[in-house]
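K.L.:
So you can see what is in the structure, the chains are spelled out below.
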Amino acid sequence: GQNIDQPTEMTATEGAIVQINCTYQTSGFNGLFWYQQHAGEAPTFLSYNVLDGLEEKGRFSSFLSRSKGYSYLLLKELQMKDSASYLCAVRVRSNDYKLSFGAGTTVTVRA
Amino acid sequence: DGGITQSPKYLFRKEGQNVTLSCEQNLNHDAMYWYRQDPGQGLRLIYYSQIVNDFQKGDIAEGYSVSREKKESFPLTVTSAQKNPTAFYLCASSRDGLEKLFFGSGTQLSVL
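Protein chains in written order, with this note's numbering: chain A, 1 to 111; chain B, 112 to 223.
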């Protein structure tokens, strides 16, 4: 099966920076997604990486290294509303509609 | 507004009963999916559909059934054969199956 690992929980202070790591060991690779999910709600799309490097979108950035099987999501200038679960998902094959998800990282932002 | 709607938000199942979860989208997306979410685990794919009248089993299809008679609708039935149905069920869609997923707000299913 596919193996996607994320830390279970992280805590940070309002205004700080947090980096959520995701490592994957999959039979193939054709893109990595990050989603945000508030408790009891629908996940929402944050970012997509298919090539190595950094993608920046406002306060959120995502990085990918395919050779290392590694990605991170960087959240800057943390706000209380950023308290949520962050899900890493990998598409294994280019023509495959399925995504393999990690268990998610719960981020708690403290005042 | 375009979106994906799941109902009901909460559902209770009695022993031996089949229950159906509704999922409707007005995004004109071809692909639709059902995921199951358990505490401490990643989303696991139950079934997915790339086009109308066609669907494929995901990783944990046993005890579930689906239909895709209309592009907009992809209902999931949790049958009595599913012995551990308590979970949060998420429906999703994407334009062509290869782009980002749009998720519904989920249905929490519990066993009485």
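Take these hints with a grain of salt, some might be off.
[As the list claims (entries may be wrong)] Not the full set, but computed from the structure, chain B residues with beta-carbon under 7 Å of chain A:
hint: 1; residue: P150
hint: 2; residue: Q152
hint: 3; residue: N195
hint: 4; residue: P196
[Claimed, not checked] Taking lysine to aspartate or glutamate and the EDC-like style, the derived pairs with C-alpha atoms no more than 20 Å apart in a straight line are:
hint: 5; chain 1: B; residue 1: K211; chain 2: A; residue 2: E14
hint: 6; chain 1: B; residue 1: K181; chain 2: B; residue 2: D170
hint: 7; chain 1: A; residue 1: K98; chain 2: B; residue 2: E210
hint: 8; chain 1: B; residue 1: K211; chain 2: B; residue 2: E183
hint: 9; chain 1: B; residue 1: K211; chain 2: A; residue 2: E56
hint: 10; chain 1: A; residue 1: K98; chain 2: B; residue 2: D207
hint: 11; chain 1: A; residue 1: K68; chain 2: B; residue 2: E126
hint: 12; chain 1: A; residue 1: K98; chain 2: B; residue 2: E126
hint: 13; chain 1: A; residue 1: K81; chain 2: A; residue 2: E14
hint: 14; chain 1: A; residue 1: K57; chain 2: B; residue 2: E210
hint: 15; chain 1: A; residue 1: K98; chain 2: A; residue 2: E14
hint: 16; chain 1: A; residue 1: K57; chain 2: B; residue 2: E183
hint: 17; chain 1: B; residue 1: K181; chain 2: A; residue 2: D5
Just so you know, the hints here were simulated from the structure itself, not pulled from any lab data.
Positions of the beta carbon are idealized from the N, C-alpha and C atoms, including for glycine.
K.L.:
Hints first: check each against the structure and report whether it holds.
P.N.:
Consistency of the hints with the structure:
For P150 of chain B, the interface hint is violated, the least distance from its beta-carbon to any beta-carbon of chain A being 9 Å, above 7 Å. Annotation: Q152 of chain B was flagged as interfacial toward chain A, and the flag holds, the nearest CB pair being 6 Å apart, inside 7 Å. With 7 Å as the threshold, the beta carbon of N195 of chain B stays out of range of chain A, its nearest partner Cβ sitting at about 18 Å, so the hint is violated. Hint on P196 of chain B is violated. Least Cβ distance to chain A is approximately 18 Å, over the 7 Å limit.
The hinted pair formed by K211 of chain B and E14 of chain A fails the criterion: a straight-line CA distance of about 29 Å is larger than 20 Å. Between K181 of chain B and D170 of chain B, the direct Cα distance comes to roughly 24 Å. Violation of the 20 Å bound is thereby established for this hinted pair. Of the supplied pair hints, the one linking K98 of chain A and E210 of chain B holds, its CA atoms being roughly 11 Å apart against a limit of 20 Å. Distance hint between K211 of chain B and E183 of chain B is fulfilled; the C-alpha atoms sit about 18 Å from each other, no more than 20 Å.
For the given pair, K211 of chain B sits about 17 Å from E56 of chain A by alpha-carbon distance, which is consistent with the 20 Å threshold. Among the hinted pairs, K98 of chain A with D207 of chain B is consistent with the structure: their alpha-carbon atoms are about 12 Å apart, no more than 20 Å. At roughly 47 Å between alpha-carbon atoms, K68 of chain A and E126 of chain B are farther apart than 20 Å, so this suggested pair is violated. A C-alpha spacing of about 31 Å is found between K98 of chain A and E126 of chain B, which places the hinted pair above 20 Å, so the restraint is violated.
The suggested pairing of K81 of chain A with E14 of chain A holds, with an alpha-carbon distance near 10 Å, which does not exceed 20 Å. Only pairs whose Cα atoms come within 20 Å are accepted, and K57 of chain A paired with E210 of chain B is accepted, the gap being roughly 18 Å. Restraint check for K98 of chain A and E14 of chain A: the C-alpha separation of about 35 Å exceeds 20 Å, so the hint is violated. This hinted pair does not check out: K57 of chain A and E183 of chain B have alpha carbons roughly 31 Å apart, beyond 20 Å.
Simply put, K181 of chain B and D5 of chain A have alpha-carbon atoms about 37 Å apart, too far for the 20 Å limit, and the pair is violated.
Comparing the model with each numbered hint stated earlier shows that hints 1, 3, 4, 5, 6, 11, 12, 15, 16 and 17 do not hold.
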